[in-house]
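There are 2 protein chains.
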Amino acid sequence: MRRVFSSQAIQTAIEKSLPDLQKIVGNSSVRTQESVRRQFARDESHFIAPPPAVVLEPTNVEQVSEILKLCNDRAIPVVPFGGICISTQQIIGDPVLREQDFVCSVKPSTTRIALNDAIKNSGLFFPVDPGADASVCGMVATSASGTNAIRYGTMKENVVNLEVVLADGTIIDTKGKGRCPRKSSAGFNFTELFVGSEGTLGIITEATVKVHPRPQFLSAAVCSFPTVHEAASTVVEVLQWNIPVARIELLDTVQIQACNSYSSLNLRESPTLFIEFHGSNEKEVADQTSAVEDICKSHEALDFDSGASPDKRATLWKARHNAYYAALAMRTGARGFTTDVCVPISKLADVISETRSDLDEHEILGTVVGHVGDGNFHVILPTIEEDKTEHRKIQSFSDRLVRRALAADGTCTGEHGIGLGKRKYLREELGENTVRLMHTIKHALDPNNIMNPGKVLPEL
Amino acid sequence: MRRVFSSQAIQTAIEKSLPDLQKIVGNSSVRTQESVRRQFARDESHFIAPPPAVVLEPTNVEQVSEILKLCNDRAIPVVPFGGICISTQQIIGDPVLREQDFVCSVKPSTTRIALNDAIKNSGLFFPVDPGADASVCGMVATSASGTNAIRYGTMKENVVNLEVVLADGTIIDTKGKGRCPRKSSAGFNFTELFVGSEGTLGIITEATVKVHPRPQFLSAAVCSFPTVHEAASTVVEVLQWNIPVARIELLDTVQIQACNSYSSLNLRESPTLFIEFHGSNEKEVADQTSAVEDICKSHEALDFDSGASPDKRATLWKARHNAYYAALAMRTGARGFTTDVCVPISKLADVISETRSDLDEHEILGTVVGHVGDGNFHVILPTIEEDKTEHRKIQSFSDRLVRRALAADGTCTGEHGIGLGKRKYLREELGENTVRLMHTIKHALDPNNIMNPGKVLPEL
Numbered sequence: 001m002r003r004v005f006s007s008q009a010i011q012t013a014i015e016k017s018l019p020d021l022q023k024i025v026g027n028s029s030v031r032t033q034e035s036v037r038r039q040f041a042r043d044e045s046h047f048i049a050p051p052p053a054v055v056l057e058p059t060n061v062e063q064v065s066e067i068l069k070l071c072n073d074r075a076i077p078v079v080p081f082g083g084i085c086i087s088t089q090q091i092i093g094d095p096v097l098r099e100q101d102f103v104c105s106v107k108p109s110t111t112r113i114a115l116n117d118a119i120k121n122s123g124l125f126f127p128v129d130p131g132a133d134a135s136v137c138g139m140v141a142t143s144a145s146g147t148n149a150i151r152y153g154t155m156k157e158n159v160v161n162l163e164v165v166l167a168d169g170t171i172i173d174t175k176g177k178g179r180c181p182r183k184s185s186a187g188f189n190f191t192e193l194f195v196g197s198e199g200t201l202g203i204i205t206e207a208t209v210k211v212h213p214r215p216q217f218l219s220a221a222v223c224s225f226p227t228v229h230e231a232a233s234t235v236v237e238v239l240q241w242n243i244p245v246a247r248i249e250l251l252d253t254v255q256i257q258a259c260n261s262y263s264s265l266n267l268r269e270s271p272t273l274f275i276e277f278h279g280s281n282e283k284e285v286a287d288q289t290s291a292v293e294d295i296c297k298s299h300e301a302l303d304f305d306s307g308a309s310p311d312k313r314a315t316l317w318k319a320r321h322n323a324y325y326a327a328l329a330m331r332t333g334a335r336g337f338t339t340d341v342c343v344p345i346s347k348l349a350d351v352i353s354e355t356r357s358d359l360d361e362h363e364i365l366g367t368v369v370g371h372v373g374d375g376n377f378h379v380i381l382p383t384i385e386e387d388k389t390e391h392r393k394i395q396s397f398s399d400r401l402v403r404r405a406l407a408a409d410g411t412c413t414g415e416h417g418i419g420l421g422k423r424k425y426l427r428e429e430l431g432e433n434t435v436r437l438m439h440t441i442k443h444a445l446d447p448n449n450i451m452n453p454g455k456v457l458p459e460l
Numbered sequence: 001m002r003r004v005f006s007s008q009a010i011q012t013a014i015e016k017s018l019p020d021l022q023k024i025v026g027n028s029s030v031r032t033q034e035s036v037r038r039q040f041a042r043d044e045s046h047f048i049a050p051p052p053a054v055v056l057e058p059t060n061v062e063q064v065s066e067i068l069k070l071c072n073d074r075a076i077p078v079v080p081f082g083g084i085c086i087s088t089q090q091i092i093g094d095p096v097l098r099e100q101d102f103v104c105s106v107k108p109s110t111t112r113i114a115l116n117d118a119i120k121n122s123g124l125f126f127p128v129d130p131g132a133d134a135s136v137c138g139m140v141a142t143s144a145s146g147t148n149a150i151r152y153g154t155m156k157e158n159v160v161n162l163e164v165v166l167a168d169g170t171i172i173d174t175k176g177k178g179r180c181p182r183k184s185s186a187g188f189n190f191t192e193l194f195v196g197s198e199g200t201l202g203i204i205t206e207a208t209v210k211v212h213p214r215p216q217f218l219s220a221a222v223c224s225f226p227t228v229h230e231a232a233s234t235v236v237e238v239l240q241w242n243i244p245v246a247r248i249e250l251l252d253t254v255q256i257q258a259c260n261s262y263s264s265l266n267l268r269e270s271p272t273l274f275i276e277f278h279g280s281n282e283k284e285v286a287d288q289t290s291a292v293e294d295i296c297k298s299h300e301a302l303d304f305d306s307g308a309s310p311d312k313r314a315t316l317w318k319a320r321h322n323a324y325y326a327a328l329a330m331r332t333g334a335r336g337f338t339t340d341v342c343v344p345i346s347k348l349a350d351v352i353s354e355t356r357s358d359l360d361e362h363e364i365l366g367t368v369v370g371h372v373g374d375g376n377f378h379v380i381l382p383t384i385e386e387d388k389t390e391h392r393k394i395q396s397f398s399d400r401l402v403r404r405a406l407a408a409d410g411t412c413t414g415e416h417g418i419g420l421g422k423r424k425y426l427r428e429e430l431g432e433n434t435v436r437l438m439h440t441i442k443h444a445l446d447p448n449n450i451m452n453p454g455k456v457l458p459e460l
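Chain order of the listed sequences is D and Z.
Numbering (the numbering used here) for the first sequence: 1 to 460.
Numbering (the numbering used here) for the second sequence: 1 to 460.
If you are wondering where the hints come from, they were derived from the structure by calculation, not from laboratory data.
The structure displayed is predicted, hence computed values, not measured ones.
Hints are all accurate, no fakes.
Remember, identical chains collapse to one label, so a pair may be satisfied in a single copy or spanning two.
Below, a list of computed lysine to any residue pairs in the SDA-like style, where the Cα atoms sit at most 25 angstroms apart: (1) LYS283 <-> ARG151; (2) LYS177 <-> LEU406; (3) LYS210 <-> ILE295; (4) LYS210 <-> GLU237; (5) LYS177 <-> ASP399; (6) LYS297 <-> SER309; (7) LYS283 <-> ASP294; (8) LYS120 <-> GLN240.
Given the sequences, and given the hints that come with them, work out the whole structure.
Laid out in structure tokens, this is it:
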């Protein structure tokens, strides 16, 4: 069933198609210069990919449709890296806010921060915050999440309508053009099917997302614990008491050391929770804070600092956002290998403790940091790419971590997605029949397998 | 593409299959008695359907799988009414609560109230409340919603994992057997695809749903307004102020009259909001109440009664739940024709006002009642089925209402689903391409079109 591409045949097909592609998007939007192509061959991760043969920069959905029609007819694969790459960054347009309906529609050029800047006078904000200033449409495709998900949900819970171009060039609106009722039971739930499909089912050319009233009062707390187990147990109890924390992030001792060094802080070097509270008045925020403080103290908290000024709060969250770079800075010349398991809350404390012990036992340099309110945590492993022995050691650690998460009824990926590297876990996680259903759906929507081929779906 | 069934051929195929079906589920679970079959030919609505030829009562998922394999091989349609009917009521088992993870898994026999009874000692509850005591798995298939959705979401937001039997008998778990992480980006989001698929894509044999901490404090308020427009505008403003009301329901003058009469109340006969507040302490609930009171008063509220005792509160919500029967009781021998549009909040006040005027202008007896916090409202029209002229008049009214909702960027159905009657609106609402995608998915999952054929999908 899977179409096999010969790279020579693809190269020839792409070269032959260049004049037609130039007709669709204009000469200057067909980019074959090596410098441009190389920009599309790497991201922040340790992965290296071949540069695409050509980068196309369509400026509207109709051009995306025509490109896909052509690629589908000629069996040219459309991929983010390698092959033919469609950059949607030039599909521009101002965000369209529908203030009373708490939704905003954005084109692919709009990033998370640009969206928030555009609506800042409305008193509303878009909460999903994966750290990086990603394109909102890209966040849809990758099902982004981040520190705020515990209170505001992930992308899946925040997308209400999508314009998507399918493999054959068909343009659809998942809920109907321009529609944004708060609920609907009309037809199949296609919006969620495209969220997190990682380019394998369609290209997202417009997203209508939920925006939320900006909290009128914020406060933050930092609290350190003698062990990661106590820190994680605190999180479990905060959830059980139904305290609507906006963020609750765990940084283990090694991560705190890295942040202290990278962001010039002097936090106590032990497992620490960063917590943020949102409320519509000061009392509400104060009540949440003191309720969480009580829980922390019952879990042997070493301290509880909730008196941060807005400036200090900003410093802390910037340090949290820079945790990845801080971890990398621990080792000269290292790039990051990052894990991303998510487990049911009841298993969180044990799985994190076992993971920390595993790192220590195998003498692997790694930091634990995560969105523990969702049961999701990352181990950031600064690695030297060329060291094959180390790479194998880290890969074994990562395998053990995933198996531990799966044994705990969790998932191999809470928010980073499957891509290439995690396809091998999907059969074990979802079961053979669900993997087959993925292929059935993929084949129905993309019979020529041109959309990001080889990604997400494990081999049959 | 659509398979056409000859009813004679189906009848013959079913008769020939009876011995095999008896082997699968046992003789006593193949029910051909007319009295049993007739129970499956009606629901609460005004629709009448032919009774099924046979009702099967499998007791486990494997039997459902074998039945579907047989039906798929022999092209026997599986439908809720008419044809062959698979009742999942005998697939029994106690709800399995995972308290720390805030999820509970239920078999098809478990109803909403049974689920809440089973977990009542945990301090948790399942919030989705469509009024009727429906099977939770059935609520998944129909994407049920109801009065609590404004705070707790609809079924779509409350299902975390599903066991589903596909048309060919394949059993899948949408997120992997037994898994319940709070978030995951592993593979396609199939859970949502089956929510609201109305039996056209698979049969749900187990659902793992979210359960929430039961609010420790509740209070209610009743507030009446001079016009539906003012009542609806109040709702819009409550949302804008981000007050987390648990329910906010509108009953118009005619509905209040009906409730007064049916439930022996003496509410002021004008458009009225029933509001419920949930909180973790008394102050929180009191703050919400007074904030809403201020908004009501700024919209010319005629009164605001928030002093209800728990008993009186129960009486009010019972009256709300019985609104449908109260409306029917206004007219002897009537059955209910119910509409179900949902519009963006910004359009709600206008659309409700226009709808009320439409009823009055055409002298149609109907009540307006709805989950206005979601922009969703129903018009309940007590009708005499045999009166064809009246039926046409009501159908025209319903068409106008749907078109009004679609023009306002809303949907023809907020929570009741498409079934047969609303297929005609789906193309206008979703667009031709999205309807075609529905067919693509349907054909991929059910190539022989045996799963509830003819429902949900408009003809191509």
